[in-house]
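Here the structure of chain A is known, so what remains is to put chain B in place on it, guided by the hints.
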Amino acid sequence: MKLSAQAKQVIEELKSGPITVSELEELGFDQSMVNRAILELEEKELIELEEEEEIVQKITESGKNVAENGSPEYRLVEKLRENQPVAIADIENPDLAIGKGKQKNWIDIREGEVYLTEDGENAEDGASRKLNSENFDEELEDRGLIETNILVEKKLIPTEKLEELDLDDIEQEFDVEADVKTPRTGKRHFYKHIMDQARQTWLEMGFKEMTGEFVVPSFLCFDALYTPQDHPAREMQDTFFMETPESSDLSGYGASVENVKNTHENGWTTGSTGWGYDWSMEEAEKNVLRTHTTAVSARKLNELEKEDLPAKYFDLSRVFRNETVDRHHLAEFYQTDGIVVGEDLNFRNLKAYISEFFERMGFEEFRLIPSYYPYTEMGVEVQVFDEAEEEWIGLGGAGMFRPEVVKPMLGFEATVLAWGLGIGRIAMRSAELEDIRELYRNDIKLLEQTPKWRPENK
Amino acid sequence: MSHIEIDKREFEQLIGRSVSENELKEKASNLGAHWNHLEGPKWDVEVYPNRPDLLSVEGLARAYRGFFEVYTGKEEYEAKEHEISLEVDSSVEDVRPYIGGAVIRDLELTEKKINGLIQLQEKLHETMGRRRDKIAIGLHDLSELQAPFTYKTVEPESVDFTPLEHDKPLHLEDILEVHEKGKEYSWILEDAEKYPIIVDANEKVLSFPPIINNQLTEVQPSTTDVFVDVTGKDRKAVRKVLNILVTALSERGGDIESVEVDGEIMPDLGSESRELDVEYFKKISGLDLTGEEIVHRLEMMKYGAELSEGVIEVEVPCYRNDVMHQYDLIEDVVIAHGYREIEPEMPEIDQIGGQEAIEKLTDTVREIIQGTGALEAHSFALSSDEKLFENMNIEKEKVARMNNALTKDYSVVRNWMLPSMMQVLESNRHRSYPQKIFEASDTAVLDDSDTGVSNRRKLAYVHAGEVADYTDVKAVLQVLERELGLELEVKSAEKGCFRQGRAGDILVKGERIGIIGELHDQVVENWGLENEVAGFELDLERMMENI
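Respectively, the protein sequence lines represent chains A and B.
Note that this note's numbering numbers the first sequence so that position 211 is 211, with each residue one more than the last.
Note that this note's numbering numbers the second sequence so that position 104 is 1104, with each residue one more than the last.
Just so you know, the hints here were simulated from the structure itself, not pulled from any lab data.
Heads up, the beta-carbon is just placed ideally off N, CA and C, and yes, glycines get one too.
Misleading hints may appear alongside valid ones.
[Said to hold, decoys possible] Computed list of lysine-lysine pairs in DSS-like fashion (alpha-carbon distance at most 30 angstroms, straight line):
1) B:Lys1398 <-> A:Lys445
2) A:Lys15 <-> B:Lys1474
3) B:Lys1408 <-> A:Lys58
4) A:Lys286 <-> B:Lys1398
5) B:Lys1168 <-> A:Lys192
6) A:Lys104 <-> B:Lys1183
7) A:Lys187 <-> B:Lys1360
8) A:Lys104 <-> B:Lys1181
9) B:Lys1168 <-> B:Lys1113
[What the hints assert, rightly or not] The calculated label-pair distances, taken between Cβ atoms and stated as ranges, are:
10) A:Glu364 <-> B:Glu1078: 50 to 60 angstroms
11) B:Glu1087 <-> A:Asn105: 51 to 61 angstroms
12) B:Leu1216 <-> A:His231: 48 to 58 angstroms
13) A:Glu50 <-> B:Glu1487: 53 to 63 angstroms
14) B:Leu1216 <-> A:Gly276: 30 to 40 angstroms
15) B:Lys1396 <-> A:Met428: 33 to 43 angstroms
16) B:Glu1292 <-> A:Asp308: 49 to 59 angstroms
17) A:Gly17 <-> B:Arg1502: 25 to 35 angstroms
18) B:His1003 <-> A:Asp308: 42 to 52 angstroms
Just chain A, same shape as in the assembly (with noise of 0.2 angstroms):
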C-alpha cells in the first residue's frame, strides 16, 4: 500500500488506539497536515471518524466587567452601605441592579427609594467570585455573564484493516511539499526566556548583576528608602509581614541604621528637613517579603566604598504583594531594578539608560512622566508606545536617588539614577495572554507554542 508520510505518521500515533485531532495537534501536527492525512486514511478504509461533541465555556465581555468591578446589584449594595436610601433615578445599570437586587432579596423599594435589607447588609458579590475562581454556573449563563460553546472534536478510530495492517509494507510517497510532524523539544519558559533577554541587555550595557533575599527587615525595604514608617505602604492590606522569623537584626548594617534614624527624624547631614517623627527601631526591624526589587539596590549601595565609583548594578528578580490573586493580580511578580552610582551623574544621563534599554528591548518610543515615589526625586514613570495596540503602556518607576537614601546608606555625598521596572507585560503580549496567572500555570501547550519572543519582532 502507498502512503504520504503525513498519513503513515499519523498511522504511527494509531498504534496505541484512537486519538483525537486536537491532541494530534499537541503531539505537533499542524491542522492542514491532519485534515489530509484524515481524507487519504478514510479512503484507503483504514480510519473511521467519530465526532464527538466538547463543552467550553468562558467569560464574556459583560462578564469581564463584572468580574472586575462587581456585579451591577452588588454595586447598588455596596452604594447603600455607604449611604441609603438611594432614588432610583441615581442607580448606574437600574434595571439590572434593581432587578436582581430584588430577586436576591437584597433591597427593598419604598417611595422611589431604594433601601438595604438585612440581607443586602450580609451579601456578597457570587456572580463576580464565581466569575473569578471560574467557578461557572447556569445563573452566569443565563446572565450571559459567560458564554457556552460546543466545540465537535473528531476522534481517528482505527479500523480492523488497520490493525492488520503490517507498517513495513508501506510504501512512503515522498511529498517533499507537505508539512510533517513537528518534534517535542526541549524549551526555555516563554517568560523567563524574555528575561533572560533583559538580563543579557543590561550585561550588555556593563552592568554587574546584583542578588538579594525574599525576606528582608523594613528598615532596608522602607526605612532605608525614606520611606515613613506610618506610610499606606507599610500597612498591613500591601505588605507580607513575617511571622517566622519575625524580626532582623540590623547590626551588619553599621552605622547606617542611626544615620537612617537621624534622617528620617531631622534630616541629618543631608540638607533635608527630614520627615519629622520619632523614629522607632522595632518597626525598622520587623521582617517582610520585598515589595520592590529597590531593596536589593537599597542593600548594595551599603556595600559600595567609595574606590567602587562610578558603578552600575541591576537585578531582575521576584516581588511580594499581599494581593488577592485575580487574572489581573498576583502576590508575587518580577521587576528589574537597576542603579548607577557616581559623583557626576544627573538626569540627562538616568533617561539615556533606560531609552537605550527598551530600545534594545524593540521599543522605539518611550518617554517619563511625573510621578512620586519617597526615595526618588525626581520621580517618574516610565512609559513604551506599544505600536500594535497604539497605545502608551506603563512599565515601572525611575528617578534619582534622594539625598535622605543616598547618604545615609552610602556614608557619602553621590548621585545615583535608579530604576524599577517590570516586564511582565511584555511576556502577556508575546504570548497573547489575557490572564496574567497563566505566566505561572505552566501549560504545557502554551510553553511549546509560544514562539520565542525577540525584541525586533515583539
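For chain B alone, kept in the frame of chain A given last:
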C-alpha cells in the same frame, strides 16, 4: 494615589481663562497630576500623595494658573486679626494632642462647592490623615456658635449631641457603637479613657473629633462664615492641613480670619525660605539653564523666587507639604521645563558587566536539562503547608511564614521545589504524556543569618508518564553529572514522598545535596494524577561549593 472629580467649568472660572480639552489631556499631566475625561464637563484627576494641596479644584486651579502661565509666582494670603479664641485643655495630650483653627468669612457657597469641599476633606483624611488617625478636619457654620471655644476631653457617657446623619441625640460612647462613622473610626479611640470634644462658650458641642460633627453646625448653601478645626497626633501635619484648607477656601473668595489657639495665632500663612544653588541645579538636572530661566520655572510652579549671585532665594508657599530638600525644588523646575524637552546623554562609565557565580551556574544547568528534552516551568515561590507537606506525604517543617497572608495558598515561602513541579503536572493532567518538566529557582530556608532566612537556589526535575521510573530520572541526573564534570553519588534512603526502595540521597564529596526517587503512589494521588512520576531535586548552591 487619590482620585478627585472636578468640573472643568469651575476649574476655568478659578484659573481665569478657558482651557481646551487637548490642553488637559496632553499638557496638564506633565505637572504630575493625571487628567482623564469622564463625561461632559466632568474630569477625573489623579493626585500623588506628595501633593495634598492639589486635592481640590481650587488647589488645582492655583497650580495650573502658574503652569499654564496665566499668573506665575507666589499667591499672597493674609489673615485678618482674630476675633475668636480657642482654649486647649491639657487633658487632650493623652488622646489627640494637637489642634489648629481658622475662620473663613463671606463665602458664597452652593451645593456643588460644598460637595467639592467635602471631597477635599475626605481625601485629606484618607491620605495625609491616615484615615483620620493622624489628622481629622471639621467644618462648621459659625452662625450658631458663641466664642470662645474649648478643646478638651470628657467622660464618654457625660456628653450627648445629635451627630450628622442621625435624627436624635446620642452619647459619645453610643456614637461609636451605633453611628456609621462611629463604627468606622472607633479604632482610633480604642485606647482612650476620655474622649476629645470641641465646645463653644455655652457648652454646645461642635465636634467629636475624629469621628463626627454636630448636626447643628452643618455647613449649608446659606452658610457664609465657616470655622475650620483640624485635630491630630502630628503637630506639623495639623498645621499643613489647616493651610491647605484655608487657602483653598480663600481661592473661593472667602476672607481668612485667624483664631487664637491656646495663645498662638493660627493659621501661619507665611512662606518658608529655601535656597537653590544654580550650579547644584545644573549638576543634578544636567540642564544648562540660566539663573533667570530657573527663576521663571520656579514661578510657574507658584514659588516666590529671587536670584542673587548664583543662589536663588525660594519662597515655599504655606500649603506645600513636600519640600524637604533642594532636590524637591530641582524636580519642580525640571517639571516646569518639561520632561519631554530633556535630551538623553549617556555618561561614560568604563565598567565590564558580570554575573555572580550562582547565576552563571543556574544558566548552565538550565541549558543542560533543556538539552534532555524537558520543558522549563516557571512557578510561584509562595506556597502553602498543604502543598509543601501534606500533599507530599512528609512531616511539617519550619518554613518562612507570613502573619497576614490573605489566602492560605500564599502563606509560606517554599523551602523545596518538587511540590511546585507536582503542581505543574497537576495543571497538565489533560495534556498528553510523557511530560518532562524542570525548573531552577529560588526557595527560602531558615538559617542563622541576620534575617533568620536566606534564599537557596534549587533545581527540580520530574518525569511523568504511563511508565516513569527511577531510571528515567537517574539518566537525566547522570547527564548533569557528565556535563558539569561532577562526581555524584546516590545512597539509598527513605523519604515519605518517595516509594520505598526507590529513593535515595544525592551526595557530592560525602555531603547530601539532594534527593531522587519515584514519587509515592499516595503523593501522586494527592495531586490528582493517574500516571507514574519520578523526579529529583538538587541544592545548586551546595553543589557549587563542591564543584
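So, going through the hints one by one against the coordinates:
{"no.": "1", "hint": "B:Lys1398 <-> A:Lys445", "result": "violated, 36 angstroms"}
{"no.": "2", "hint": "A:Lys15 <-> B:Lys1474", "result": "holds, 29 angstroms"}
{"no.": "3", "hint": "B:Lys1408 <-> A:Lys58", "result": "holds, 27 angstroms"}
{"no.": "4", "hint": "A:Lys286 <-> B:Lys1398", "result": "holds, 19 angstroms"}
{"no.": "5", "hint": "B:Lys1168 <-> A:Lys192", "result": "violated, 64 angstroms"}
{"no.": "6", "hint": "A:Lys104 <-> B:Lys1183", "result": "holds, 27 angstroms"}
{"no.": "7", "hint": "A:Lys187 <-> B:Lys1360", "result": "holds, 18 angstroms"}
{"no.": "8", "hint": "A:Lys104 <-> B:Lys1181", "result": "holds, 27 angstroms"}
{"no.": "9", "hint": "B:Lys1168 <-> B:Lys1113", "result": "holds, 28 angstroms"}
{"no.": "10", "hint": "A:Glu364 <-> B:Glu1078: 50 to 60 angstroms", "result": "holds, 53 angstroms"}
{"no.": "11", "hint": "B:Glu1087 <-> A:Asn105: 51 to 61 angstroms", "result": "holds, 53 angstroms"}
{"no.": "12", "hint": "B:Leu1216 <-> A:His231: 48 to 58 angstroms", "result": "violated, 37 angstroms"}
{"no.": "13", "hint": "A:Glu50 <-> B:Glu1487: 53 to 63 angstroms", "result": "holds, 55 angstroms"}
{"no.": "14", "hint": "B:Leu1216 <-> A:Gly276: 30 to 40 angstroms", "result": "holds, 36 angstroms"}
{"no.": "15", "hint": "B:Lys1396 <-> A:Met428: 33 to 43 angstroms", "result": "holds, 36 angstroms"}
{"no.": "16", "hint": "B:Glu1292 <-> A:Asp308: 49 to 59 angstroms", "result": "violated, 39 angstroms"}
{"no.": "17", "hint": "A:Gly17 <-> B:Arg1502: 25 to 35 angstroms", "result": "holds, 29 angstroms"}
{"no.": "18", "hint": "B:His1003 <-> A:Asp308: 42 to 52 angstroms", "result": "holds, 43 angstroms"}
Checked against the numbered hints above, the structure violates hints 1, 5, 12, 16; every other hint is satisfied.
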